[in-house]
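*Asks:* So the sequences go chain by chain: A and B. Residue numbers for the first sequence follow this note's numbering, so the first one is 513 and each next one is one higher. Residue numbers for the second sequence follow this note's numbering, so the first one is 301 and each next one is one higher.
Don't take each hint at face value.
Claimed, not checked - Simulated DEER-style distance windows between Cβ atoms:
#1 B/570 x A/668: 27 to 37 Å
#2 B/378 x A/599: 30 to 40 Å
#3 A/668 x B/370: 50 to 60 Å
#4 A/690 x B/369: 35 to 45 Å
#5 B/689 x A/618: 20 to 30 Å
#6 B/689 x A/663: 38 to 48 Å
#7 B/323 x A/658: 28 to 38 Å
#8 B/507 x A/616: 54 to 64 Å
#9 B/507 x A/541: 42 to 52 Å
#10 B/376 x A/668: 31 to 41 Å
#11 A/667 x B/664: 49 to 59 Å
#12 B/541 x A/666: 41 to 51 Å
What the hints contain is simulated information worked out from the structure, not anything from laboratory work. Cβ atoms here follow ideal geometry from the backbone N, Cα and C, with glycine treated the same way.
Read off the chains here:
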Amino acid sequence: MRKEIIFCGFGGQGIILMGVIIARMMEHFPDLQVTQAQSYGPASRGGACRTDVVISDQQINYPKSSRPDLMVFMSEEAVKRLLSEADPTRTLIVYDNTLIGAIPAPYTKTFAVPATKQAEEEFKNRMVANIFMLGAVIELINPGSFDVLKKIVGSSVPKKFEELNIKALEAGYEYYRTHKPA
Amino acid sequence: MPQRQLESGMMFNGEGRKEAMKKGRIKVMLGNEACVEAALLAGCRFYGGYPITPATEILEIMSRRLPLVDGLCLQMEDEIAALVAVVGASWGGTKAMTATSGPGFCLMQEAIGLAVAVEAPCVIVNVMRGGPASGQSTSTAQGDLYQARYGSNGDYSLIVLCPSTAQEMFDHTIKAFNLSERFRIPVIILSDEVVGHIREKVFIPDADQLTFVERKVPTVPREEFVIFKPEENGVPLMPTFNTGYKSPVISQAKSLNGNRGNAKEAVENIHRLVSKIEDHMDEFAEVQVYGDDKAETAFVTFGSVCRAARSAVDMGKEKGLAIRSVEVKTVWPFPDDLVRRALAGAKRIVVAEMNLGMIQREIERVIRQPEIKIELFSKIGGIYPQPQEFLRFLEEKR
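One chain only, chain A, in its complex shape:
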């Protein structure tokens, strides 16, 4: 089993943190290996930004994504730049449909999550859009690990925002349960 995930968006959305949280979760799964790589430098301070996460039950050699199973898009710019890395027949594309109009053909395996809209309306803080999104995709990444995710999110954000982030995470998870792709 080798699963490749790419999170992408623009700098400041907490894209890299999403990858770091998934990687840190794997400390709790002794049988799984993980690598997390990131686009680094000016790209992470505005502009397009990405992190690659690879999870496997074997030793991971190539540490980046070359055939992504899941791509999570959080900006139009990222779609423009990186959609061509997706395989129309196998890559599941999750996108924040607050910020992205539509995923063009021939990419049909898609799942729209209004992460930024929910963060703004329900939590009055768009900062938690990334965490809402994490809640919405965790079952697609590592099924049955929501409790571990919650723990890692709690320890990855500033104390005073912990409660807010956990609520956003739970809301994202709930969104997945009620809207999940077939």
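Mind docking chain B on chain A? Use the hints.
*Replies:* For chain B alone, coordinates are given in the frame of chain A:
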């Protein structure tokens, strides 16, 4: 082929990694973070540095961690001063290190020669990025290979290790401190942006499961002590400053008692500085083979590129292609014999590296068989090669 594993003597006590895994802990960490963790375990208590992408995390984490163990982390005015401070700390009896990237590594060359000449054990990490000059600060590269070996002036030798995973950043750091203390030399860890910035699981053994090497200090009466007189293994005893042993430490050609030497003494000293390392390569030289070690097609790689090549070997296997990947872990002094053995029987050799052909020249030197073509699969400009590209190269260049 016989492989020298890190487990075999330089690192683990007794049973090696498998036994050690029963204790210790596993943590997801950055390659650069793993380097710090290992350095502290190895007893490093001084860090002299100057920040530079993509090595800055090492300085950052050191600045938080060293004070907690009564160590000292100093940010100097530049990389020259950083390494000179490390040399001073080393003579002060402390295990010391620094970390940098290409432009800073350029500035350090002078002090690398100093460390070699005054035989100061220390560890220098170069997390490589694109060059020349300031180049591409956030991009990966492997263009400093020759600089790591020949960057300072004159004839000398040192040891350069090339990690390809966060775990190897940890392992090689322990090994680097041990080798630096054993041989009284600067040991360079030649990492790159991919390895420095990868997050993955790292196994951190308990300290009591590791082997740590310490420099040998003099115990003879002070008046009998001759500062640069080598022991049987070519390495002199090393007093700590201010312990009463006469310690003239100069960077010029010197006699055994540390004063300026004549031409003959200078020549003898240079030969000793080289042979104390190169006569003992079997203690540390390491080459690994991944895949089918009888395959006629062979990749040769070092550092992060090893990982992409491994995946290419696996993909090739699925398609019925037999490939071996030869990974040079200790690039300097170049392990000629181990590489020759690892490539025995290979008919097609593809050297893959993120520069315009550096290890390739070593392979051409080592494998002198006109019927074997040594090809170069080169990627520069911060592009980390994908496994599929290795296979495409094999197909297209056939």
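*Asks:* Taking the hints in turn, state whether each one holds.
*Replies:* Each hint tested on the structure:
{"no.": "1", "hint": "B/570 x A/668: 27 to 37 Å", "result": "violated (54 Å)"}
{"no.": "2", "hint": "B/378 x A/599: 30 to 40 Å", "result": "violated (48 Å)"}
{"no.": "3", "hint": "A/668 x B/370: 50 to 60 Å", "result": "violated (30 Å)"}
{"no.": "4", "hint": "A/690 x B/369: 35 to 45 Å", "result": "violated (51 Å)"}
{"no.": "5", "hint": "B/689 x A/618: 20 to 30 Å", "result": "holds (24 Å)"}
{"no.": "6", "hint": "B/689 x A/663: 38 to 48 Å", "result": "holds (39 Å)"}
{"no.": "7", "hint": "B/323 x A/658: 28 to 38 Å", "result": "holds (31 Å)"}
{"no.": "8", "hint": "B/507 x A/616: 54 to 64 Å", "result": "holds (56 Å)"}
{"no.": "9", "hint": "B/507 x A/541: 42 to 52 Å", "result": "violated (27 Å)"}
{"no.": "10", "hint": "B/376 x A/668: 31 to 41 Å", "result": "holds (33 Å)"}
{"no.": "11", "hint": "A/667 x B/664: 49 to 59 Å", "result": "holds (52 Å)"}
{"no.": "12", "hint": "B/541 x A/666: 41 to 51 Å", "result": "holds (49 Å)"}
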